[in-house]
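Chains as they are written, first to last, in my numbering: chain A, 1 to 254; chain B, 1 to 254; chain C, 1 to 254; chain D, 1 to 254; chain E, 1 to 254.
To be clear, the hints were calculated from the coordinates, so they are not data collected in a lab. These figures come from a predicted structure and were not determined experimentally. One should not assume that every hint holds.
Unchecked claim - Cβ pair distances, simulated, as ranges: (1) 63(C) with 97(B): 31 to 37 Å; (2) 35(C) with 75(E): 51 to 57 Å; (3) 177(B) with 52(E): 55 to 61 Å; (4) 230(D) with 60(E): 35 to 41 Å; (5) 232(B) with 17(A): 30 to 36 Å; (6) 53(E) with 89(A): 56 to 62 Å; (7) 126(C) with 94(E): 27 to 33 Å; (8) 133(B) with 63(C): 28 to 34 Å; (9) 230(D) with 56(C): 49 to 55 Å.
To be verified - In silico DSBU-like cross-links for lysine-lysine, where the CA-CA straight-line distance does not exceed 30 Å: (10) 209(A) with 133(D); (11) 209(B) with 134(A); (12) 86(A) with 70(A); (13) 250(B) with 133(A).
Note that the Cβ used here is the ideal one computed from N, Cα and C, for glycine as well.
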Amino acid sequence: MDLATLIGLLGGLGLIVGSMALGGPIMAFFNVPGLLIVLGGTIMATLINESMGQVIGAIKVYLQAFFEKKADPTELIEKVVDLAAKARKEGLVSLEGEDIPDPFLARGVQLGVDGLAPEIINEILAGELDTMKKRHTRGQTVFRFMGSTAPAMGMIGTLIGLVQMLQNMSDPAAIGPSMAVALLTTLYGAILAFVLFQPIASKLEQRTKQEVAQKSLAMIGVESILKGDNSMVIQSKLDAYLSPEQRAAKAEDA
Amino acid sequence: MDLATLIGLLGGLGLIVGSMALGGPIMAFFNVPGLLIVLGGTIMATLINESMGQVIGAIKVYLQAFFEKKADPTELIEKVVDLAAKARKEGLVSLEGEDIPDPFLARGVQLGVDGLAPEIINEILAGELDTMKKRHTRGQTVFRFMGSTAPAMGMIGTLIGLVQMLQNMSDPAAIGPSMAVALLTTLYGAILAFVLFQPIASKLEQRTKQEVAQKSLAMIGVESILKGDNSMVIQSKLDAYLSPEQRAAKAEDA
Amino acid sequence: MDLATLIGLLGGLGLIVGSMALGGPIMAFFNVPGLLIVLGGTIMATLINESMGQVIGAIKVYLQAFFEKKADPTELIEKVVDLAAKARKEGLVSLEGEDIPDPFLARGVQLGVDGLAPEIINEILAGELDTMKKRHTRGQTVFRFMGSTAPAMGMIGTLIGLVQMLQNMSDPAAIGPSMAVALLTTLYGAILAFVLFQPIASKLEQRTKQEVAQKSLAMIGVESILKGDNSMVIQSKLDAYLSPEQRAAKAEDA
Amino acid sequence: MDLATLIGLLGGLGLIVGSMALGGPIMAFFNVPGLLIVLGGTIMATLINESMGQVIGAIKVYLQAFFEKKADPTELIEKVVDLAAKARKEGLVSLEGEDIPDPFLARGVQLGVDGLAPEIINEILAGELDTMKKRHTRGQTVFRFMGSTAPAMGMIGTLIGLVQMLQNMSDPAAIGPSMAVALLTTLYGAILAFVLFQPIASKLEQRTKQEVAQKSLAMIGVESILKGDNSMVIQSKLDAYLSPEQRAAKAEDA
Amino acid sequence: MDLATLIGLLGGLGLIVGSMALGGPIMAFFNVPGLLIVLGGTIMATLINESMGQVIGAIKVYLQAFFEKKADPTELIEKVVDLAAKARKEGLVSLEGEDIPDPFLARGVQLGVDGLAPEIINEILAGELDTMKKRHTRGQTVFRFMGSTAPAMGMIGTLIGLVQMLQNMSDPAAIGPSMAVALLTTLYGAILAFVLFQPIASKLEQRTKQEVAQKSLAMIGVESILKGDNSMVIQSKLDAYLSPEQRAAKAEDA
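So here's chain A without its partners, still in its complex pose (with noise of 0.2 Å):
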């Protein structure tokens, strides 16, 4: 569980009620035809630009920016480590059947075995690297989309709500109380943007490049164990992508 996007999330929005709760009935902030047209406004705007499975999968893929995936490069380096120590003293084939907990490590090691070259299976771990980048690329386009629509779907709904109140003004005690309206729509698609879209599209943005980052690493990791570095290349290379953090935290523990 991320408890800090979901901490964030409810805490932001919790702000934002209790401000409009302090000033008076919350109720005056409530309006569904405004709601409607900025939330429904954006979702549409958002269907002409993605496929329909797409807009249905990037709710799924919001759910998942509440799990936290954990990625633990030094736990990797040592596998690494140990994999390249046996292939070293046994062959390459004796690593056929080895527990490997990184599904990519363990991909990058089976090709190995199965006898293919080394620049082939680089090539391989390339393609699903970038493929997985761009995937993910595309999750989190959809949310920096419904992120720039949503203002703009508030603007459009003030604007209606400004053109209705101007062309009545017989009464003079409506016109606050209408224009409140008006602006409602506003602050919907700015809420919209910034408490719900754009931190999940930076979220996103960041879980990939630390994906990207582990799998880096297990590409390089399997680079060196199918050309038999030795151990000390071997931790030395890896070693240079681990934080100072990380790097002491391992100090620690040999």
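Following the hints, complete the assembly by docking chains B, C, D and E onto the known chain A.
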């Protein structure tokens, strides 16, 4: 038929028109000179920017966005594997006259049958891919340009209306409606940009990415056929570009 | 004559002027000091930015946008194929004195006739292409800069007008017209930017892309002639850069 | 201590607070719920975006911006020249145990003493440099995100305030102060973004560039030591990365 | 003396001041606290961003923008051709002590005379070019940062003024002038950004591009001299970087 695009476009416009109708007579939102300056001005600015043919072509491109082009990588991969197996057994020339549904793959194979060197074939296919990308990008550029010009034209229209209103404020009752009319062009600009132009530009961008991915896959396939890679290598190389779902579906079929 | 540019420019201005005239006396939109601060200020800011010669040159470039330069890749390809065939039969030196309409192709062939090595010729042509690209980009930069500065100058003018209006509100009847005048500079800035400067900058960008594509094609052609590629290879290589329409037209001709 | 950062921060806040105090009681600018929604909302949105640890880490990074890290390329170059001279005379192993203040240079030399091949050492150092760059970039991203979110939260707060004000306009005397309070959150958002977050993000960016430059210099130095370049070559190679001022200072020293 | 920059700056400021004077007493536009918060705030934010020395250096850089540095590629090419001819006849060492006005070319030739290998010379010159580019870019960054911060500070000032005005609306006659004063900081921010900072940043960018082009030309020249290319090859290679006008002028001279 790309249903999502149609639903998105009609749904988006429906929500906006519904929202207009809710608050009073919808005719209040109809203003011919305003529409003329925003839509006309956008088209005029685009004409400065692009040749006549390009603008007319853009309408064709716009309509194309409503028709889905299926690109099935799984099918393409199967075809490549079959062709490669045949080429290994009976020689490259045996592929002459083969029925290859993907035109880009067919073209690459034909060039191989014609006896051109693999590097030259690769260069030719890369050239065609690049030309397609540039052509598509230009189509998208037209709609991006329209999407950023429409709000500007809307603002110009509103400024003209405001200046006219401000210079003639003797009748206070007329101020509201005049300002409403002035705001209409801003509203038109926003609707054109955020419902009609920007999402279509994004959709065309997505399409191009898909087509480039499919064609790149075909290029790798052609390269593998010419190199005489064995089935397992080709399969592994090309499967790297499938999504997890596509791989699962493929495994199920097998 | 690039008709679309002229129509776009006159049509855009016509729509705006028409819209102004519709609502009352058009002279209300005419304000010399306002025009001076927006157009003058934009030119002054550009002078800071560019040398005197560059600004004067920009006007020449601006006028060039109205004249179409035809770049016909099909014709170029035919010429290259002919030259290559002749060079294969009678030697490279036989191309001396050939009539080659495309000056860039002519230059490359001449360098080959002069006996320079293919790599050096390639380097020279790439240098010229790069220099052209940089020169063109600079011209576009001037108009992009003007397009982003004009609205800023318009805003400065409006702020000055607002401050003057706000400090002198004793006569309520004067407030409206004063504000109208203040808004005029914002309007001028928007018209200059979105009708005159930005679309022309985009047009020049399109032109550059076309010219770069044509020159790149010529470079590939020169390379092929020097390498002594056979007709079919050259044809395939160069045809890759044609659009489907151009290929269809070519097939029809043949 | 990085005095400029401290002066800039205190000076900027001082000018703003002074300007507030000049026009009346400063308490008029103090509004706890407003501060809560802007600062709290920004932090919440950042939590969605980043893990808990990352946000806490960002505070540490923020404070680091006040402490200057000296990176003296001249000193580094001298050290490299000395080490290279010693390595040429007494062999690479003689560098074992040398006192090398720059830890990155020390690490490279140690790897050389350990007998690793130059290409592998280069790969390792490049990996470390890349990891550092990514780590730093992420820190900057947090502040950039905060800098763009704070004004959005300010706008949300202002919209909430405006809606509340507009729905309760019975007391005309209360409209002004209510609107003032509504505007406060926009003001808070702007101050947070443009005085606290954006400049610090830019500062961290500058720091990263400096550190990357210093480490790149060390990498070139290590490469030269391992290759056994003579003093003059090393000196010329490394001096290329000094600024004219640094070269002048160095010449004076010599 | 770069006259255009001076004319642009004085002309731009003149137009603005003239426009202010036209509508009433110019002193209405003078507000010391407003100027302090905008200019002071911008400088403070820049101090956070940059070291003290960098900010003071920026003033020197600002003044440099008024002095034109001539970079004459035609002259440089002539010199290179002469040097190459001499080197071919009398050997590279004969270039010792030659009078070479371009310091970058002189440096490259000197390194050649000193007997360094061409690849190392190329590496050294590329390092110097890169260092220059980074140094210049940093100077531009300061002004770009100031150009984007000044309007933000202007907005902060206006918000402060508006809040003060809104909380004290008992005297209706004071509202106009108070609002005028509040708007002044926005005006100051816009003038600083769009007349003083942004155009200078653009000018420095242009300068850098010119200098990089000139130095790149010198690098190609040095490479050709060291390789012993003949005059015709060098001439063709270097002429590729001249503009059509420069080539025409050169042809006329010859």
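Any hints from earlier that this structure breaks? Give me their numbers in increasing order, please.
The structure conflicts with hints 1, 2, 5, although it agrees with all the remaining ones.
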